[in-house]
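Residue numbers (full-length UniProt numbering), protein chains in the order written: chain A, 1 to 322; chain B, 1 to 322; chain C, 1 to 322; chain D, 1 to 322; chain E, 1 to 322.
Any given hint could turn out to be false.
Because identical chains share one entry, a pair is satisfied inside a single copy or across any pair of copies.
[Claimed, not checked] In silico DSS-like links for lysine-lysine, alpha-carbon gap of 30 Å or less: (1) Lys124 <-> Lys146; (2) Lys12 <-> Lys124; (3) Lys316 <-> Lys124; (4) Lys146 <-> Lys12; (5) Lys316 <-> Lys167; (6) Lys294 <-> Lys167; (7) Lys190 <-> Lys124; (8) Lys42 <-> Lys230; (9) Lys317 <-> Lys167; (10) Lys230 <-> Lys316.
Keep in mind that the hints were calculated from the coordinates and are not lab data.
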Amino acid sequence: MIRILGITHDHKVESNISLEQLNNMSTSQYLWSWIDFDEPTKEEAEELGNYFHFHPLAIEDCLMVLQRPKVDYYEDYEFLVLHAIDPDTLSTVEVNLFIGSTYLVSFHHRSLTELDEAWEAIVKRPHDKKSWLKGPFAAAYMVIDKLVDQYFPCVYAIEDELDELEKRGARESVELLMNQVFDLRGRLLKLRRTIVPMRDMMYRILNSQHIQGEKEHRVHFSDIYDHLLKLSEMIESDREMTADLRDSYISLNSNRMNGIMKTLTVITTVFMPLTLIAGIYGMNFINMPELDWKYGYFIVLIVMLGLSIWMILWFKKRGWFK
Amino acid sequence: MIRILGITHDHKVESNISLEQLNNMSTSQYLWSWIDFDEPTKEEAEELGNYFHFHPLAIEDCLMVLQRPKVDYYEDYEFLVLHAIDPDTLSTVEVNLFIGSTYLVSFHHRSLTELDEAWEAIVKRPHDKKSWLKGPFAAAYMVIDKLVDQYFPCVYAIEDELDELEKRGARESVELLMNQVFDLRGRLLKLRRTIVPMRDMMYRILNSQHIQGEKEHRVHFSDIYDHLLKLSEMIESDREMTADLRDSYISLNSNRMNGIMKTLTVITTVFMPLTLIAGIYGMNFINMPELDWKYGYFIVLIVMLGLSIWMILWFKKRGWFK
Amino acid sequence: MIRILGITHDHKVESNISLEQLNNMSTSQYLWSWIDFDEPTKEEAEELGNYFHFHPLAIEDCLMVLQRPKVDYYEDYEFLVLHAIDPDTLSTVEVNLFIGSTYLVSFHHRSLTELDEAWEAIVKRPHDKKSWLKGPFAAAYMVIDKLVDQYFPCVYAIEDELDELEKRGARESVELLMNQVFDLRGRLLKLRRTIVPMRDMMYRILNSQHIQGEKEHRVHFSDIYDHLLKLSEMIESDREMTADLRDSYISLNSNRMNGIMKTLTVITTVFMPLTLIAGIYGMNFINMPELDWKYGYFIVLIVMLGLSIWMILWFKKRGWFK
Amino acid sequence: MIRILGITHDHKVESNISLEQLNNMSTSQYLWSWIDFDEPTKEEAEELGNYFHFHPLAIEDCLMVLQRPKVDYYEDYEFLVLHAIDPDTLSTVEVNLFIGSTYLVSFHHRSLTELDEAWEAIVKRPHDKKSWLKGPFAAAYMVIDKLVDQYFPCVYAIEDELDELEKRGARESVELLMNQVFDLRGRLLKLRRTIVPMRDMMYRILNSQHIQGEKEHRVHFSDIYDHLLKLSEMIESDREMTADLRDSYISLNSNRMNGIMKTLTVITTVFMPLTLIAGIYGMNFINMPELDWKYGYFIVLIVMLGLSIWMILWFKKRGWFK
Amino acid sequence: MIRILGITHDHKVESNISLEQLNNMSTSQYLWSWIDFDEPTKEEAEELGNYFHFHPLAIEDCLMVLQRPKVDYYEDYEFLVLHAIDPDTLSTVEVNLFIGSTYLVSFHHRSLTELDEAWEAIVKRPHDKKSWLKGPFAAAYMVIDKLVDQYFPCVYAIEDELDELEKRGARESVELLMNQVFDLRGRLLKLRRTIVPMRDMMYRILNSQHIQGEKEHRVHFSDIYDHLLKLSEMIESDREMTADLRDSYISLNSNRMNGIMKTLTVITTVFMPLTLIAGIYGMNFINMPELDWKYGYFIVLIVMLGLSIWMILWFKKRGWFK
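All chains, full assembly: derive it from the sequences and hints.
Quick look at the structure:
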């Protein structure tokens, strides 16, 4: 679907313009316009090359998936590749923006609520907050802002799970906790793969000559950069927390193993000598004087009891039951 | 609560001014004033937008929680987001400052002793140390200084626990020590999340053009930056120490496991052959010549004793009892 | 084999020129030409020094293997060492380029499909896309682009295996999974050894003064750099994923060990006391009153059963069967 | 104690000057002087504020402990905080220097041999090596040089222990070796905490504008910086070596555990079936034909022997005794 | 030994000049000369201070061992500290160079084949390759080049061992493999300690103003820098490979431990119940009906067999024999 929105010279917003109508834009009916390629069909995608004379490399980047977020400066326009996050799978969705002086062209293979929100925001409130409608650059800012805002709930969800995980602690099976930690780590890695390149791109935008001039834009883009910086710091810090949790579970496991081995050793050590004694007096030698003693049996029982008590006390003294 | 403090032209300090009175400030009754939004109600918070014409983005940052410490340079004022640490939970509390040429506006959702101290310091000693009262910038410095000073006891508390932990060492149960180490690591992580962004912000302030001019301010801010640098180095170094402690406990655990397994193996190795011998002479075959020997029983006992002594010596020789 | 391709002044492409013919190039029959040393024999390699007067250091770098990707700027030409990847062994194959104003000389000890493709692309479509045929620099770009494109399938293959590995998870033997993880890590390390130096070289090309002038080239080289950046980020991120997988397998192993030890301990703890009891009543003392009881045997059996049930319940209560 | 040393205009050195005498320095009796606050009492420390009009922040830094090594540039003087190392405890001792054009003021809460050496060096040889006596800056260099030289024996001592540890290797108990490794790591961490900030400070001094002018000073300070760089590299490398040693001990431990477990398993596997056989023929069934065989007993003994040999061979074949 | 080599104005090379003869050099008999202090005696070392008026700091650095590779720029000459590697012990040997406009002074406490080679190269081929003989700087380049070339065989030897280690893999005892891995890691660490500071020094030379002018020198030094960069990357990558190998051996060890524990547990679980049964029927109660059954013994044997088969099948089902 291609949808078009135009701002007239008297600051009205007209939406649902067709591509044909837009052709007359050169006759400057509109101050500027936003053309959104929303899940375009193959035919619609071709319009990108026909109507707009963008650089072939840029168009190729649009059509290909798996690009890195980046900004390319062409003579008449800027070309941005951005990454949205699909909140369910945490996979990335590409959004391409062409920002010219009188147009904003957005191109994305999947429909995105973030773009719909930005679209609505411009369609609905045209008159107040004029500065927001200064032109394509402001609209582009709005799109990027919505995309980045979408990252936060993903990171917050992970932080909440982390907090919960820390509280539950030792009560649950280590195996289950471990699985959750490794799941969290995997999700953090996926998020980082989206957020860090976005942050780097925003840094490059902020430090390039191209945007320097317009003070108002800088303030806004610097705000987005701060958000991305905070997000990437949260992710790094969360990854360290998961690493700490993982290490603490591993050491918990090893402590439990120690406990298990102690139990086994105590049991073996206590019962093996007793079993030997019983075995000895089960031998069938003809000449075994103790067997004929009247209280031989009871003496042996008492010796066994004494021996086991002594051994348990010995283990206790060495601190095995702590 | 909104509280206001004004410095008159003859360097007197008037506190408890109301917002209405301040309105006349434009008629320059005061040299400069400090307006502190201390746990403001929703209505009070709105005054931020009404009385002062701050940039909407800055006001939004004030009202939102979970900002990164940062500094934004607007035309007439600077906007700072700072982080205080709640010493009990080590969570961060945001403090927002607007520094203009004739006013300092501070905004924080929770009451903070650090701000109260800075407030008192200005109210109480107006005449000596004049340089301190040069204006809003000096007051802002004082607030930041108090905030950063508050970090030290938190880090020192952790270092003290670390020292103590190192000393106690092997005497206690590994599990308990481990828990403490992981608790310390978690607290260090929390502190770092507050201190490192503060340090980065202070670095950006020091290296920006905006503050360059005023030499006196640079010296003070550079002092705060040095404190933050020292704090972050302490935290990094403490995290490495906890990592070392953790690794040493893990290896202690593994050494103990080795000891336990050795005990088990020695016991098993010594008693199993003896039990087998006893079992053999407990068999009921009709033709077992040894059973009829007169001293058969005693010979077997001696053989058992000899065997066990030999095995223990063998283990000793292989160094199992070290 | 040495193959030569010349672009005539009327933009025709002539291939299969001999070195002798090229000698007349100085009489400018061709706009520019591409001389490709494709698996050159020792004699052919010597032509490099005879026909072209390249710097001895550059020629030495050509003939030696195990160079780092690099760019050297000489007066009349640029000398590039590039790395192709052999997709089977992931080992690197060196490609050397000399880029002059009227010639491109490529030199590689092994035949490469990437170069054949670039060669074909120039031979076959000479008239459309004129900008592509501007000269040796554009041809060099094409070679580098093909080389870098070749990296992607290698990295994708690893990512696919990683995804599959994550899904199979606990169903398979840990030993097998581990081997695969370590194999993947080894391959990632090999790829990184090729890709990271290529990325660094491209960065140095982009930031050098030499290429600054020609805007069109910058756009293309910047595109290659972005691909290399993405590749190196993918590799880093994949290495972290394999590290996480490795750690999760190790912890899985340790969990299983715990399970095994629990089984052993439960079995030992339950059967050892029972065996002792049986051993006691197998002793041959003359005076053992229980042996003469009518239901002694059955009482002992019931005691044994009760004891084992009690112990199993005790283990259950302590959570050993979770 | 406050001790004062003055260089007269005819390049004589006068020591043991009192503070009162120095007051006349303004009348330029001396070319320059060195005032050393050596373990000053509280009263003496106050002279710092009275006689010299240093910035309150600098004086506060002098009196407070736990500063970071740093350099602050004031209008008439430089203020340096330096760290000496106490060779016994490896804890840091602060030395503060004020370097003016006609004076050097050093302030340290503990007496230090390094300062005494620098003091002696200036007192004793005034006439040769004139360049050394150019002024306060050269004296300051000498103090810093002595402090940094003091770091080397501390690091060398650790390296020697490391070398020795590597040689002893497997002969000793792992537990003991481990403790030494962790002790070394702790000391390296302490040293790094002192040396790295010193290195950073020296780097900042070398790269600041303030020292740029005087070529001779640069050469000397650059020499100190090289020493600090080498020290910090040695420490990093030593920390990696200790980490490798730690890992090798852990793996040694785990190998030994494997050996112990193999012993246990072999013993158990060999003796359990034999014990069962003995147990079976110890049963009291009336109808057990083997019991009545003439050579039943001997057959059983031979079977037992054969079985145990077969099992040991089986273990040998599987490589358990390597 | 001090050996001297002079280049006459007609580009002849005279070697075996004595120091006395060289004194006349000021009368410019030679274009330039190379004075090599090859394992100098104490008296010879003193000539360094007498004949040449080098800066005392530089001479001190010559005589002291354990310097960092570095370059110091003095007015008339450059002073370089370089590191050669002793291929047997991988320890570093210092080489000091003073590069003036008419002389090269090299100073090293141990004889080095690398320097002999450079020496021979200059003595033997004076007329061809003129550019090589341009002066002391070119000779210095040759010395450094030979030193760096010497590093390669050391790193290659380690890489070969690593490759071999990877191939042998699981066939050998883990303990042996481990020892080799830790040995390799130690050697890599030693090499890095030499190579990384050399690389840093070369980087500083390349980026300093001093060498900027002479294009030809830059190309050569940049070539050496590329070699050092490649070497340091190889070392880093090899260290990661050894870390991976170490981890894979550790996990192999842990897998084997699991296997051993499984064997032990299966054996114990199978034989303990059987032994108990045998023990029960070995009791001497008067009233044990089963003992009097005709086929009691055979029934018990069959029950035992069935029980053991059932348990083995149960373990098989749980996948313990994979």
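Here's how the hints hold up against the structure:
For the identical chains of this complex, Lys124 and Lys146 are intra-copy neighbours only, at 16 Å inside a copy versus 47 Å across copies, given an alpha-carbon limit of 30 Å. Proximity of Lys12 to Lys124 under the C-alpha cut-off of 30 Å is restricted to the intra-copy arrangement: shortest distance 10 Å within a copy versus 52 Å between copies. For the identical chains of this complex, Lys316 and Lys124 are neighbours neither inside a copy (77 Å) nor across copies (64 Å), given an alpha-carbon limit of 30 Å. Taking identical chains as interchangeable, the C-alpha atoms of Lys146 and Lys12 lie at most 30 Å apart only when both belong to the same chain, with a minimum of 23 Å there against 49 Å between chains.
Taking identical chains as interchangeable, the C-alpha atoms of Lys316 and Lys167 lie at most 30 Å apart only when they sit on different chains, with a minimum of 24 Å there against 32 Å within one chain. When the C-alpha separation of Lys294 and Lys167 is checked against a cutoff of 30 Å, the pair qualifies neither within a copy, at 63 Å, nor between copies, at 59 Å. Proximity of Lys190 to Lys124 under the C-alpha cut-off of 30 Å is found in neither arrangement, the shortest distances being 35 Å within a copy and 42 Å between copies. Taking the shortest Cα distances, Lys42 and Lys230 sit within 30 Å of each other only across copies (26 Å), while inside one copy they are farther apart (38 Å).
For the identical chains of this complex, Lys317 and Lys167 are inter-copy neighbours only, at 23 Å across copies versus 34 Å inside a copy, given an alpha-carbon limit of 30 Å. With identical chains, the CA atoms of Lys230 and Lys316 are never at most 30 Å apart, being 52 Å at best within one copy and 47 Å at best between copies.
In the structure shown, a violation is registered for the earlier hints numbered 3, 6, 7, 10, in ascending order.
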